[in-house]
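Trainee: Residue strings, one per chain:
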Amino acid sequence: MAMLEVNDIHTYYGNIHALKGISITVEEGEIVTLIGANGAGKTTTLRTISGLLTPREGSISYLGKDIVGTPAHKLVYERMAMVPEGRGVFAKLTVQENLEMGHFSREDKDGIARDLERVFTLFPRMKERRKQVAGTLSGGEQQMLATGRAMMSAPRLLMLDEPSMGLAPVLVDAVFDAIVEINKEGTTILLVEQNALMALSIANRGYVLQTGQIVLHDDAEKLKNNEMVQKAYLGVD
Amino acid sequence: MSERIKQIDILGVVMWFFRAAIIVAMLWGTIATLMDNPYSAKAWTDTIVAGIAQGSLYALIAIGYTLVYGVLFMINFAHGEFFMSGIMTSTIFIAIPMSESGYLDANPVLGLIIIALVTMLVSIGVAILTERVAYKPLRGAPRLVPLITAIGASFFWQYYFRGLYGSEVKPFPLIDSIAGKMTIFGIEILKSQALVIVVAIIMLIGLNLFVIKTKVGKSIRAAAENKDVARLMGIDVDRAITITFTMGAAMAGIAGVLYALVFRQVHYFMGFFPGIKAFTAAVLGGIGSIPGAALGGLLLGVFESVGPALFLEGLGVPSPHQLKDVIAFTMLVLVLIFRPQGILGERLAEEKA
Ligand SMILES: Nc1ncnc2c1ncn2[C@@H]1O[C@H](COP(=O)(O)OP(=O)(O)O)[C@@H](O)[C@H]1O
Ligand SMILES: [Mg+2]
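Protein chains in written order, with our numbering: chain A, 1 to 237; chain B, 1 to 353.
Just so you know, nobody snuck in bad clues.
With a Cα cut of at most 16 Å, we get these calculated EDC-like pairs of lysine to aspartate or glutamate: (1) K215(B) / D108(A); (2) K181(B) / D46(B); (3) K92(A) / E225(B); (4) K215(B) / E100(A); (5) K74(A) / D238(B); (6) K74(A) / D236(B); (7) K215(B) / E97(A); (8) K213(B) / E100(A).
Taking CB as the label site, the calculated pair distances span: (9) R132(B) / Y12(A): 24 to 32 Å; (10) K20(A) / R239(B): 33 to 41 Å; (11) G12(B) / D177(A): 50 to 58 Å; (12) D66(A) / R132(B): 22 to 30 Å.
Treat the hints as calculated values from the structure; they're not laboratory data.
Predicted model, so just to flag it, every value in this text is computed and none were measured.
We treat Cβ as the ideally placed atom computed from N, Cα and C, and that holds for glycine.
Here chain A stands alone, though its shape is the one from the complex (with noise of 0.2 Å):
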């Protein structure tokens, strides 16, 4: 069974309806990636996930469980974590305090302070800033932040929403290059980027979202070489 299953799931806002039925599915180990222009419905699509919305129909089952209706805090338990778009890190917060805020649904002292090492190991700065005010960081810092105080929860999955956006291109490296390693390490990845190319080549699968719906879904590699990503996402005329 998938680790993650999202079936047919329609969202709204309001009367905006952003999700016109979703399906997706992430395996145990897997790196997948949702590309997307803007508005595509990626966001959404997340935050459906994470418990943040609840979807109006459609299923979404969790390590077996059918989570639909439970509140993002209570998924964290289940260790389904996610890093929202725009990092949100928590500015008046030391960095040190952030990590603890990604601790918060653990007792366990000597797992998390193997997860502190891992996050300083994978960050070092993160270790040099420990006692700064969090909102004093640079764009690339915030995101090593927020990536790390998700890496605190021990997730089983690690959702991240558009990290690369307004990081200078080293920074994109150094940010995509985390994300492999922590997958190595056993967290499963569901990614979603506009920057498709730098996804595509770290992900095993894709799904292309247009206008709340998967208009493609296949291997990285193929998506990669599909006509129509690469006009459309990746600019190759």
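Go by the hints and put chain B with the ligands onto chain A.
Mentor: The following block gives chain B with the ligands in isolation, referenced to the frame of chain A:
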């Protein structure tokens, strides 16, 4: 475009003129008073000490406004009723019977602790009930809606407690061991005032440490910044909000006990003025900021106590001591003119919601 710039300039000039006029009037009044020197040094210290004690009460109540605003961006106008409900109840059911049986004078410390605990419990109960029934269903509604609901809740509790306990003033018993005066650092001070100041300082420091250091405190700060991201951390935001109301009500409850010790009477309407003043103090200090509420409360208390004699008497204002409320609200207006975000506040209030 240039038309617009001109308009702003004219407004700016008028504002600066206004600000300068206020400063000149205050300085003039102060100098005139000091030159005339109608009061002894002891009279001034007494006034200042009374102001600090009063300000400590405002600070404790102001915490409730600031905490709730910090998390919900809502002015909880029913907060004065959290203050009133606890001490009204414990005066009638605990303090008066305890005093009549002689227990309170025999065991003043334990007696006061029991009164404080019961007071806090009632204040917290009223706060949680108000939040659940009146505010929670309105989450996400336009800001004006919970504001008006809060005013309604305030009236509801006033009339509810008037119906319950009657409209007459109830005397809070005199406790012998804290009656009279004592001398600290050569300053004579009422024992009850000293108790107010000490307890307020301990409570304010304790609360600040709780919010800064503990996991729960941090989760409240996180929820104050971004509710959705807080949820993604596993924080139950509704619970964080309930805890926020609980803390504010506990502080208001303690303030109620201290108020009763100083003024020795309670009344169903007693929450109104301290509530408004404490709200003023919270805005003064920068609403949303805990140190701001403490500082705002203290400043308001002292200004209101010292101000009539210092600023107004020199200006020849007749019977200035009846004008302390005018001083308080003038201070609010002044702060809003000079520094809209309050003394320790940040310039964010609009965007955050
Ligand atoms: N809070 C909102 N209120 C109303 N409409 C929204 C809201 N958020 C997103 N939408 C609409 O839903 C659609 C999908 O948006 P979103 O999921 O943010 O797309 P993406 O993340 O792919 O850019 C868009 O048409 C957007 O305008
Ligand atoms: Mg998006």
